[in-house]
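Enquirer: Go ahead and model the full structure; you've got the sequences and the hints to work with.
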Amino acid sequence: MNHSIPFTAIPSGPQHGRFRRHDLAMFEYSFKAEITSVHRLTEMENLYRIRIIDPDERTRFTFKPGQFVMLEVPGVGEAPFGISSPPSSRGDIELCIRKAGNLTNFLAKADRGMRVGIRGPFGTWFPMEQMHGQNILLIAGGLGLAPLRAPIGYVQENRNLFQSVDIVYGTKNPSQLLFTFQYDLWRKDDIGMAIIVEKPDPAWQGRVGMITKVLEEMAEQRGKAFYENASAIVCGPPVMFKFVCSMLTKEGIPMQKMYVDLERRMHCGVGKCCRCNVGSTYTCLSGPVFDFWSVMNLKEAI
Amino acid sequence: MIFRILDKKDLKKFYDELASKNKIVGPVRIGTDRNAKPLYAFEPIVDFASMRLDYTTTKLPAKRYFLPYREDLASFRIHGRDWQKDIDYHVESPTVLFGLHACDINALNKLDKVLMGSVYPMPYYAAKRKNMFIIGIGCEPQPFCFCRSMGSDTVLHGFDLFLTDIGDAYFVEVLSATAYHLLEPVSTREPEEHDHVRYMTVVSERNKKFTARVDTTDLTKILDMEFQSPVWKQWGDKCLGCGTCANVCPTCYCYGVEETVNIDLRGAKKTKTLYSCNVIDFAEVAGGHNFRSERASRLKYRYYHKHRGFVEAYEESLCVGCGRCGEACLAGITVPEVIASVRGEEVPA
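So the protein lines, in turn, are chains V and E. If you use numbering that gives the first Met the number 0, the first sequence corresponds to residues 0 to 301, in order. If you use numbering that gives the first Met the number 0, the second sequence corresponds to residues 0 to 348, in order.
Simulated from the structure, these hints should not be mistaken for laboratory data. Ideal placement from N, C-alpha and C gives every residue a C-beta, glycine not left out. Treat the hints with caution; some may be incorrect.
[Stated by the list, open to error] Some chain V residues judged to face chain E by a derived CB distance under 7 Å, without partners named:
hint, residue
1, Ser3
2, Ile9
3, Ser11
4, Glu27
5, Arg48
6, Ile52
7, Gly76
8, Cys272
[Stated by the list, open to error] Below, in silico cross-link-like pairs of lysine to aspartate or glutamate (EDC-like), each with a Cα-Cα straight-line distance of 20 Å or less:
hint, chain 1, residue 1, chain 2, residue 2
9, E, Lys84, V, Glu33
10, E, Lys11, E, Asp164
11, V, Lys108, E, Asp81
12, V, Lys98, E, Glu258
13, V, Lys31, E, Asp87
Expert: Shown next, in the form of structure tokens:
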């Protein structure tokens with residue numbers, strides 16, 4: 000009689016080379032990736048182009064606009080970042096990162112060629128397919144344009160599938176405007192661009208005020224029918240999306256057709272560490288993209 | 000389910016058979032508290048006599064054998080610009096956990112739901128859980144035990160063997176094939192009707208001994224209604240934000256991740272440390288904004304996660320009513336009192 004208890008081995012490494020949510024071996028697996036370029040956007044933000052090195056993994060890496068990855072620099076840290084490029088970029092993603100903590104300050108000093116780890120993609124996304132045939136409002140405050148650039152890219156690539164498309168973007172001052180080199184390209188794809196700053200500098204010739212001012216002007220120009228056939232994507236600080244979404248609700252966009260992107264400091268990205276919980280909802284699993292109705296029902300989100 | 004009767008004098012024989020080939024962890028007495036009451040802990044067992052199956056409770060749950068306080072998730076070998084990530088789940092052989100109470104087995108079953116469910120199961124936990132042979136044992140209700148209110152006073156699965164003391168013998172529930180085979184060399188017998196009667200008598204006597212209670216009726220809704228209730232501030236003012244409650248909780252699993260560079264600069268480590276949502280920087284984000292800077296909001300969040308969020312996700316609460324948090328709390332905050340106050344019931348000062 001053998002009295003030893005049988006041992007159950009758990010594999011540690013990709014079993015079928017595929018990313019499956021229920022696969023134990025994928026929990027801590029990182030795609031090895033390389034920073035191919037560092038594009039300075041402002042004093043505080045850089046745009047990093049990051050390519051998964053293995054060509055097989057690169058083509059198999061698919062994501063939807065709004066999803067995030069965990070970016071890891073061995074020995075420095077790991078943190079979540081929303082993908083800033085459209086899904087067609089596959090494993091050749093772009094991340095717009097602001098200097099804020101340890102990892103991001105380290106990245107600010109990084110050169111192209113640095114090797115990082117990528118886990119993901121994780122989280123919910125903006126349901127672009129459901130918005131086909133509608134008017135789209137893409138509204139961003141501050142750094143909120145970073146995650147918004149993924150659905151913007153999707154809209155550009157599938158411009159025929161949408162009616163009127165407008166980007167409304169506000170920052171505190173003009174020097175904080177992100178992706179300035181793209182505004183003309185977006186306009187040329189027949190995407191409306193309304194930019195507003197709170198504190199203009201002497202060179203600023205555009206609108207001045209809060210983002211809601213642009214939306215008020217828009218509401219005067221466009222009728223009920225526009226909003227009834229519209230979806231909105233809103234990224235920005237909680238106060239901003241609260242005001243924006245309440246306004247748009249009044250104009251007639253149903254709450255479930257407005258999507259917001261919440262930001263929390265995730266440590267795992269996969270619904271384990273609890274650090275990103277809002278109320279008792281995991282931002283990493285049920286979010287980061289929520290419809291406004293769900294956000295209204297989240298304790299402590301707004 | 001298969002039931003057997005094991006003579007008490009044969010338990011040592013069973014233990015010796017098990018111990019000859021396997022590591023055993025069980026309850027031992029480790030000292031005396033300031034009220035001269037014995038203190039127990041789950042520790043590796045060297046001989047049968049040191050194991051105290053009559054233990055009341057332990058200050059710390061057996062959680063550390065499944066979720067170590069600190070654990071390396073990965074190590075890195077760094078060479079120039081490149082690096083190699085190595086992943087180890089830190090389990091080489093199975094372990095026997097001898098003498099776990101029903102509440103603590105229920106705690107593992109709850110952890111299984113979130114840590115071994117279909118959404119990103121955690122291999123570090125799974126490797127330990129799947130290689131843990133669990134022997135449960137019946138317990139004596141203590142004044143702080145409210146497990147009966149939480150439906151955790153009995154356990155239906157998640158163990159291999161469960162022993163209930165029925166006098167001169169143990170009533171044994173056999174739940175796994177491994178357990179069945181391990182029992183074979185020990186003399187056990189089929190229970191007879193009088194054994195069933197003895198078991199049922201023991202169980203109903205035990206049920207009469209529970210004193211602490213929590214009313215969980217409609218609790219998820221009540222927590223939502225009372226989100227702005229002033230009682231949270233009162234408890235928050237008492238709370239020290241030390242995180243002891245999470246440390247002693249058998250179901251708390253939240254953690255933080257940190258990376259460090261080895262001193263020779265040729266390697267790095269990614270380390271997971273169990274955390275507590277009551278600690279000040281739990282919800283702090285890069286740049287310094289803290290979503291829960293008040294103690295009251297952190298304490299409230301802990302109750303929301305355990306008694307509302309988890310219920311929403313899994314139809315049961317993330318609390319087994321073991322009462323350890325209340326016993327360990329330096330400010331004397333207990334779950335039955337907090338929940339009673341949220342329900343607007345009188346709480347003795």
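Enquirer: Hint by hint, work out which the structure violates, then give me just those numbers in ascending order.
Expert: Violated hints (numbers, rising): 5 and 6; every other hint is consistent with the structure.
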